[in-house]
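Chemist: Listed below, chain by chain, are the residues.
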Amino acid sequence: MMKLSEVARALDLERSGDDVTITGVAPLEMAGPGDLTFAGKKSLLPRAVRAAAVVVPPELTAAVTGPALVSATPAVTLGQVGRLLGMAELTVTGIHPSAVIDPSARLAEGVTVGPLAVVGPEVVIGPGTVIHAGAVIHARCLIGARCIIHSNVVVGGEGFGYEPGPRGLERIPHFGIVRIEDDVEIGACTTIDRARFGATVVGAGTKIDNLVQIAHNVQIGPHSVIVSQVGIAGSARLGSGVQVAGQAGIGDHCVLGDGVKVAASTGVPPRAEVPPGTTWGGWWGQEYRKAWTEQVALRKLPDFMKRVEEFLKKAGA
Amino acid sequence: MMKLSEVARALDLERSGDDVTITGVAPLEMAGPGDLTFAGKKSLLPRAVRAAAVVVPPELTAAVTGPALVSATPAVTLGQVGRLLGMAELTVTGIHPSAVIDPSARLAEGVTVGPLAVVGPEVVIGPGTVIHAGAVIHARCLIGARCIIHSNVVVGGEGFGYEPGPRGLERIPHFGIVRIEDDVEIGACTTIDRARFGATVVGAGTKIDNLVQIAHNVQIGPHSVIVSQVGIAGSARLGSGVQVAGQAGIGDHCVLGDGVKVAASTGVPPRAEVPPGTTWGGWWGQEYRKAWTEQVALRKLPDFMKRVEEFLKKAGA
Amino acid sequence: MMKLSEVARALDLERSGDDVTITGVAPLEMAGPGDLTFAGKKSLLPRAVRAAAVVVPPELTAAVTGPALVSATPAVTLGQVGRLLGMAELTVTGIHPSAVIDPSARLAEGVTVGPLAVVGPEVVIGPGTVIHAGAVIHARCLIGARCIIHSNVVVGGEGFGYEPGPRGLERIPHFGIVRIEDDVEIGACTTIDRARFGATVVGAGTKIDNLVQIAHNVQIGPHSVIVSQVGIAGSARLGSGVQVAGQAGIGDHCVLGDGVKVAASTGVPPRAEVPPGTTWGGWWGQEYRKAWTEQVALRKLPDFMKRVEEFLKKAGA
Numbered sequence: 009m010m011k012l013s014e015v016a017r018a019l020d021l022e023r024s025g026d027d028v029t030i031t032g033v034a035p036l037e038m039a040g041p042g043d044l045t046f047a048g049k050k051s052l053l054p055r056a057v058r059a060a061a062v063v064v065p066p067e068l069t070a071a072v073t074g075p076a077l078v079s080a081t082p083a084v085t086l087g088q089v090g091r092l093l094g095m096a097e098l099t100v101t102g103i104h105p106s107a108v109i110d111p112s113a114r115l116a117e118g119v120t121v122g123p124l125a126v127v128g129p130e131v132v133i134g135p136g137t138v139i140h141a142g143a144v145i146h147a148r149c150l151i152g153a154r155c156i157i158h159s160n161v162v163v164g165g166e167g168f169g170y171e172p173g174p175r176g177l178e179r180i181p182h183f184g185i186v187r188i189e190d191d192v193e194i195g196a197c198t199t200i201d202r203a204r205f206g207a208t209v210v211g212a213g214t215k216i217d218n219l220v221q222i223a224h225n226v227q228i229g230p231h232s233v234i235v236s237q238v239g240i241a242g243s244a245r246l247g248s249g250v251q252v253a254g255q256a257g258i259g260d261h262c263v264l265g266d267g268v269k270v271a272a273s274t275g276v277p278p279r280a281e282v283p284p285g286t287t288w289g290g291w292w293g294q295e296y297r298k299a300w301t302e303q304v305a306l307r308k309l310p311d312f313m314k315r316v317e318e319f320l321k322k323a324g325a
Numbered sequence: 009m010m011k012l013s014e015v016a017r018a019l020d021l022e023r024s025g026d027d028v029t030i031t032g033v034a035p036l037e038m039a040g041p042g043d044l045t046f047a048g049k050k051s052l053l054p055r056a057v058r059a060a061a062v063v064v065p066p067e068l069t070a071a072v073t074g075p076a077l078v079s080a081t082p083a084v085t086l087g088q089v090g091r092l093l094g095m096a097e098l099t100v101t102g103i104h105p106s107a108v109i110d111p112s113a114r115l116a117e118g119v120t121v122g123p124l125a126v127v128g129p130e131v132v133i134g135p136g137t138v139i140h141a142g143a144v145i146h147a148r149c150l151i152g153a154r155c156i157i158h159s160n161v162v163v164g165g166e167g168f169g170y171e172p173g174p175r176g177l178e179r180i181p182h183f184g185i186v187r188i189e190d191d192v193e194i195g196a197c198t199t200i201d202r203a204r205f206g207a208t209v210v211g212a213g214t215k216i217d218n219l220v221q222i223a224h225n226v227q228i229g230p231h232s233v234i235v236s237q238v239g240i241a242g243s244a245r246l247g248s249g250v251q252v253a254g255q256a257g258i259g260d261h262c263v264l265g266d267g268v269k270v271a272a273s274t275g276v277p278p279r280a281e282v283p284p285g286t287t288w289g290g291w292w293g294q295e296y297r298k299a300w301t302e303q304v305a306l307r308k309l310p311d312f313m314k315r316v317e318e319f320l321k322k323a324g325a
Numbered sequence: 009m010m011k012l013s014e015v016a017r018a019l020d021l022e023r024s025g026d027d028v029t030i031t032g033v034a035p036l037e038m039a040g041p042g043d044l045t046f047a048g049k050k051s052l053l054p055r056a057v058r059a060a061a062v063v064v065p066p067e068l069t070a071a072v073t074g075p076a077l078v079s080a081t082p083a084v085t086l087g088q089v090g091r092l093l094g095m096a097e098l099t100v101t102g103i104h105p106s107a108v109i110d111p112s113a114r115l116a117e118g119v120t121v122g123p124l125a126v127v128g129p130e131v132v133i134g135p136g137t138v139i140h141a142g143a144v145i146h147a148r149c150l151i152g153a154r155c156i157i158h159s160n161v162v163v164g165g166e167g168f169g170y171e172p173g174p175r176g177l178e179r180i181p182h183f184g185i186v187r188i189e190d191d192v193e194i195g196a197c198t199t200i201d202r203a204r205f206g207a208t209v210v211g212a213g214t215k216i217d218n219l220v221q222i223a224h225n226v227q228i229g230p231h232s233v234i235v236s237q238v239g240i241a242g243s244a245r246l247g248s249g250v251q252v253a254g255q256a257g258i259g260d261h262c263v264l265g266d267g268v269k270v271a272a273s274t275g276v277p278p279r280a281e282v283p284p285g286t287t288w289g290g291w292w293g294q295e296y297r298k299a300w301t302e303q304v305a306l307r308k309l310p311d312f313m314k315r316v317e318e319f320l321k322k323a324g325a
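Residue numbers (the working numbering), protein chains in the order written: chain R, 9 to 325; chain C, 9 to 325; chain X, 9 to 325.
Check each hint, because a few of them may be wrong.
[To be verified] One-sided and incomplete, this derived list gives chain C residues near chain X with beta-carbon spacing under 10 Å:
| hint | residue |
| --- | --- |
| 1 | Thr29 |
| 2 | Thr214 |
| 3 | Gln237 |
[Said to hold, decoys possible] In silico DSSO-like links for lysine-lysine, alpha-carbon gap of 30 Å or less:
| hint | chain 1 | residue 1 | chain 2 | residue 2 |
| --- | --- | --- | --- | --- |
| 4 | X | Lys269 | C | Lys314 |
| 5 | C | Lys308 | X | Lys50 |
| 6 | C | Lys269 | C | Lys49 |
| 7 | X | Lys314 | C | Lys314 |
| 8 | X | Lys322 | R | Lys321 |
[To be verified] To list a few chain X residues with every Cβ distance to chain R over 10 Å, as calculated:
| hint | residue |
| --- | --- |
| 9 | Asp20 |
| 10 | Tyr170 |
| 11 | Gly265 |
The set of hints was computed from the structure by calculation and includes no laboratory data.
Even glycine gets a Cβ: it sits at the ideal position worked out from N, Cα and C.
One chain only, chain R, in its complex shape:
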């Protein structure tokens, strides 16, 4: 527990109202006595009454009556206060004795490897990176600094590539690796295949959710966001700051420019070139506004057809 004034001092924030005691943090709908909560809009302030205090953005300073902190980023502040209070998070540290780490792997200082994770031969892992339980990093893959690799992820399995041979499809050798740059997060049970040549790359600061498939030779730029169950097919290239929403599929050899957004469940066709800064949507993916317009038209289609058919009938057509 901390006094609100201590919190304000620790985070260098302005404070108003009584100097109450804070025992935890919680969102508006869950906050009770002792909790610090936050409200981003004036209309939400009345719901904060059950909480001990509220974090508000500067524009609400005048509107708030009870104990408050002022922060330009209230949600971030709430997380910081939770940490100050020692609220429990998912923390793992050190190398768990059950992890299987090849002697030729090179782990920087402060690397964490959870229980039953596997780090293959000649893997290189940067400082501060966390490999959670059950994750597998295959031979020679490179993982940057401060990455988080969640449980049961597979990095560096062989890509899905075959050529017709005398006994059916024959596996094409994969001489490449996976290179994960700094500050990348990879969600649970996500799979990232090694390249046929060179490297499958995930750029610095990119965040990948659970159950995502990233095929061989894909190149993802920095600071991109790939939401759960997205599939990115072989050799697709995503620029910087790309956002792909849940369950979307990116066809092989697609090129997505910087800042492209792809809506949920969108299928971007193979070899599509998506211009920088555009948003795409649709089952058969295209520019979002067009896809949306079509979906709206589709919703009117049954009635429209009926009216037109009646007209044609009357017109004797």
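Put chains C and X on the given structure of chain R with help from the hints.
Modeler: Showing chains C and X alone in chain R's frame:
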């Protein structure tokens, strides 16, 4: 092997025809000599001739000629007889010595933990629950009684949440947990993220298939069924008895009322409110009948367009 | 490193131009000094100048000027040369001491089991098969020869089957297994459920990508290709040489004839019968050409509607 009369006695069922010997159970298309099979419709009875005996519902009692058992739930009966006969199932019991169980975890009596599963600090697991090989239960998560957690499941990884920070996206702390109630089943490689605050909840009796994504703070009511490869985005709330078919996606903050059904591959848009008892469908999800009507209209669209274009041409438009 | 003449001799290929030294292999866009590359079209030859030598198909023999090898299958040749040069691949051999192999499992000669993989009781694995790190093969499943089971795969978990019971949904016993035939590959985090009766079957030479779901009692014929994130529901039957592209869903009890192709993101409705040799597509799956025609019509729909509405207005309808 058992006599049909012994089976009838053991399960308290009516029996007719010869008291044959049963050595196994099998569905109609696979049943051979010695097998007990079942037929739910009169038209299927002739296909049961290769079997030793057949389980039928009460309304077929008169129609059946050979050895038979009568049961209101023939499929359930068939499974029970297989168990009576000692047919092999996937059974694991006890705590496998290779499992990594934190000393602070509390496992009730009769909990099974398979090889190389991971149970984190302060996890609580109710009686009779089975954790299969390679599954990971992260710190402080709560698992009820008689649950089945399949192989390589990940429960309690950190949710996918970020705020913009000075060095790009910064992870938001997750102070919450996952709470799995009694009699829940979670399919292989499914991922259930821990809450930002409070708990991500799966209600009692709910069954979740393989490769399902359940994001942070999702609330799933009791006795729901979530089929394979479904994705449920952050803070969505599903009522009691909800059924979501394969590959459907539920957007963030959706509210699905009790008894809602979502068809396969349906995308329920973020923040949608789906009224209790309704069925939704469509790539851009909506009430099922409307979605269906539109799809039917779409199938007629190319011909319709051609006819109308011809008419317009004739009309000089 | 090898002389081009040594490579030609080793692989029994024709050679032309200087007998240069080869130190590696790489695709056109990555090839540098010392590399062997390949060009399948005349237009690509100028891009090969930075490479030491190029593999070309017979029809380009006359067009090539520098050092070259002639091969009917240039991509395959490139892989073979990489192997001759000892380029690194993902190789694992032997039984890793951390793998958990039930004493009753029977592993043929030359089987590889990676770190922390699990092989259950009475599993049978054919010669030359590789089980990668973290994969789980449940009791009594049968794996053929020369298979590759990637990391964190789950073979033989219980299928998703329930019947209503007094305390909600009750699990139906699964007395069956999974049978994987020879030369099958199964991608990372893919799940294949055991059958209720008999076996879930994957036919010889079939290749399955990452994160695929194969439900109980599915039958997949030989030499099929199932791309990432596909879901195949219970009791579906796929013929020989079937190809299912990424994120497609095959409904329960579907029958796909030999040589059927299913486009990406296609939903094949439950119990559909897809004739041999046909291609299917569409969110609500059907014959591909029809699905395509509808999607093209949908793209024209907003403009078409506008024109027709204007016409109707003028016509006073």
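Chemist: Would you mind marking each hint as holding or not holding in the structure?
Modeler: Here's how the hints hold up against the structure:
no.: 1; hint: Thr29; result: 19 Å, violated
no.: 2; hint: Thr214; result: 9 Å, holds
no.: 3; hint: Gln237; result: 5 Å, holds
no.: 4; hint: X:Lys269 to C:Lys314; result: 29 Å, holds
no.: 5; hint: C:Lys308 to X:Lys50; result: 45 Å, violated
no.: 6; hint: C:Lys269 to C:Lys49; result: 27 Å, holds
no.: 7; hint: X:Lys314 to C:Lys314; result: 16 Å, holds
no.: 8; hint: X:Lys322 to R:Lys321; result: 17 Å, holds
no.: 9; hint: Asp20; result: 15 Å, holds
no.: 10; hint: Tyr170; result: 23 Å, holds
no.: 11; hint: Gly265; result: 19 Å, holds
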